[in-house]
Amino acid sequence: MAENINAPAPVQEKKHPGSREAKRIRRESMSAEERSYLRRKAVKDRIWPFFRTVILLGLGFVIMYPLIYMVSCAFRERSDMSDPTVMWIPRHYTLDVIRETMDAMDFRRTLFNTLVLNVGCSLVQVISCAVTGYGFARFRFKGKKIFFAIVIMMILVPTQVISLPLYTQFRYFGIKGLFSVNLIDSRLTMYLPALTANGIRAGLMILIFRQFFKGLPREIEDAAYIDGCGPFRTFVRVMAPNAAPAFLTVFLFSVVWYWNDYYVSNTFFTNTKTMALMLTNLDNELKIRLFNDPTVQISPREQIVWKEAGCLLSIAPILLMYVFLQKYFTEGIERSGLVG
Amino acid sequence: MSGKAGAPAEKKEKKHRLISYERRKSLYGYGFISLWLVGTVIFFLIPLGKSLWYSFCDVSVEPGALRTKYIGMKNYFSVLSEDPYYTDYLLDTLLETLWKTPLILIFSLFIAVILNQKFRGRALARAVFFLPVIIATGPVYRIISGDMESTGNSGAEQFSTMFSTNMVGDLLSFLGVYEISQSMTEFIIAVADNIFGIVWSSGIQILLFLAALQNIPSSAREAAQLEGATAWEYFWKITFPYVTPFILANLIFTVIDSFTNPMNSVMNRIVAMKNQWEFGGASAMAWVYFLIVLAAVGIISAIVNKFIYYEND
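Just so you know, the protein sequences line up as chains H and B, in that order.
Once you know that position 33 of the first sequence is 33 in full-length UniProt numbering, the rest is easy, because the numbers rise by one and skip nothing.
Once you know that position 117 of the second sequence is 117 in full-length UniProt numbering, the rest is easy, because the numbers rise by one and skip nothing.
In case anyone wonders, no lab produced these hints; they're calculated from the structure.
Hints may contain errors.
What the hints assert, rightly or not - Restraint ranges, calculated between C-beta atoms of paired labels, are given here:
#1 B:GLN276 x H:ILE175: 44 to 54 Å
#2 H:LEU115 x B:LYS118: 29 to 39 Å
#3 H:ILE146 x B:THR244: 38 to 48 Å
#4 H:TYR172 x B:PRO217: 51 to 61 Å
#5 H:LYS214 x B:PRO241: 18 to 28 Å
#6 H:ILE175 x B:PRO217: 54 to 64 Å
#7 H:LYS327 x B:MET73: 49 to 59 Å
#8 B:LEU95 x H:ARG27: 49 to 59 Å
#9 B:GLU222 x H:ALA244: 26 to 36 Å
#10 B:PRO217 x H:ILE55: 52 to 62 Å
#11 H:SER299 x B:GLN214: 24 to 34 Å
Ideal placement from N, C-alpha and C gives every residue a C-beta, glycine not left out.
Working from the sequences, and respecting the hints, build out all of it.
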């Protein structure tokens, strides 16, 4: 394990092992201290990978456990839940639970709705946040510190604090005395804040873009200015293309955050269906659909199969996205220096 | 975009000679942030102000309108002294954040150091450890962590018993580890008991630390190797100074994350109050909580800022 950076290896020692003779000569030329250092290192290099594997497997299991459990539950009959001999591997395989859950969640329409809403919101929010972040990164103007403090406030204030006034804001949207529209239940409650860089976790995104644009060299912009580009054209033509990896990473995170949001959508939507909302209401929905009776009692243990199936269904699309685009989630952050 | 570009451009033409370059640039600055500024006034500042106003009012709901009557600090007094749950929840949340945050930070730094080493299956290991980033903000996490209603929690219970205190103690004595100090044992036990929550809330932190570790210049590593530094020395003399700025970022992120988490009991209490149409009380609760969070974040960054090593300064 010469590559192990935490146990620094004497350079070149391992790469050119040389003949046995050369090794012996080298060993004799070492001091006792050096020899004991190398011996200790050899032992450590042997043992550490073993411990590392154990640690990673153990903690990896902690993360994977709920997912494995989900898969295990979703494909078994509910009688298996009461069977004490069934722990991981179901006795009766069935697709019924998945099918029933899909039915109760109205899976196809919900999926379509959620995707359109998420991708749309994320798209406009990434663009608006990038524009704002660029403004904060590159221009000097009066009150910038105060405005930026507001951005920080946006990160700090939990949505729950402002959700009620925001509700009345949307309920009677317009100018007082002139006109007002009821926007509750309309998708505009999601699109409007996203369009103006005020959607879910927008403060964080503005901050990220500001950091990112600050890190880009000024020379490219100056070149564009000298060639006669205005600041807005410079941003669109020069800065935005340079920020492509940052855009992608922030966009992916935004999709995830919108996908996972249930508080905001629960506040403003009463009958628009999103994946997270359907999952939180799965219990009632199931009782109505499966048994035509909202008061029916199923033992909590047996309800787990549907619940886990619901979980599996609702994270499957985003999990799929993660599997294919994983490197943009992680490397995007590392490569583009989004943080720091 | 074109609409926004129009306003400053017009001005520019009118008094082309009068406006200096600096001033023009500052106008463009306003142009860039104007969209956000409009939105933030409508969707953030006004609601924030309203909720502050509500917290000083007796709010009653009537068809078509909210009626407010100014009652001064009464909401605050009743929330802090009369509400049966609020102060308890507040203390719980504060304490939990207090001891969980360092654990999360230490844990995520540890994992980041491991994931930064080269070994077979590293890509897979990274993918697994970042998985919580995808899932932990959503309702699925509520279900798998057993918080949701009375049902789905058997999974989590099963799980936490696997890592119960006894098992850790047994394991330690089995390995012949008797001599480590009492506080160390307690630390290990605390980690093991809450391993689920800690692992699941350190996704982003691991990501940030890993990014920090990869920013360490290879020259520093080579110098350490030539001098024969041990892994321990290398960590404290090289790795740690380089990641200190990220420790602050992570610390603040962790604190905010745990405070604004819709699963914590204060948040639940606020939402419950709201659902009972007690808007005045709910707003007062939210503001007390928010001020505490603000103070906490301020104090933390003031303290930690003193210990940070900035390479560029």
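Here is what the structure says about each hint:
Distance hint for GLN276 (chain B) and ILE175 (chain H): a CB-CB separation of about 32 Å, inconsistent with the stated range 44 to 54 Å. Checked against the hint of 29 to 39 Å, the pair LEU115 (chain H) and LYS118 (chain B) passes, with Cβ atoms roughly 38 Å apart. Between ILE146 (chain H) and THR244 (chain B) the C-beta distance comes to about 29 Å, which lies outside the given range of 38 to 48 Å. As the Cβ distance of TYR172 (chain H) to PRO217 (chain B) is approximately 57 Å, the hint placing it in 51 to 61 Å holds.
Checked against the hint of 18 to 28 Å, the pair LYS214 (chain H) and PRO241 (chain B) passes, with Cβ atoms roughly 22 Å apart. For the hinted restraint 54 to 64 Å between ILE175 (chain H) and PRO217 (chain B), the CB-CB distance of approximately 56 Å keeps it satisfied. Take LYS327 (chain H) and MET73 (chain B): their Cβ atoms lie about 54 Å apart, and the range 49 to 59 Å holds. Taken as a hint, the range 49 to 59 Å holds for the pair LEU95 (chain B) and ARG27 (chain H), whose Cβ atoms sit roughly 57 Å apart.
In this structure, GLU222 (chain B) and ALA244 (chain H) meet the distance hint of 26 to 36 Å, their C-beta atoms being roughly 33 Å apart. At about 27 Å, the beta-carbon gap between PRO217 (chain B) and ILE55 (chain H) misses the expected band of 52 to 62 Å. Evaluation of the 24 to 34 Å hint for SER299 (chain H) and GLN214 (chain B) yields a failure: the beta carbon distance comes to about 50 Å.
Going through the hint list in order, the structure does not satisfy hints 1, 3, 10, 11.
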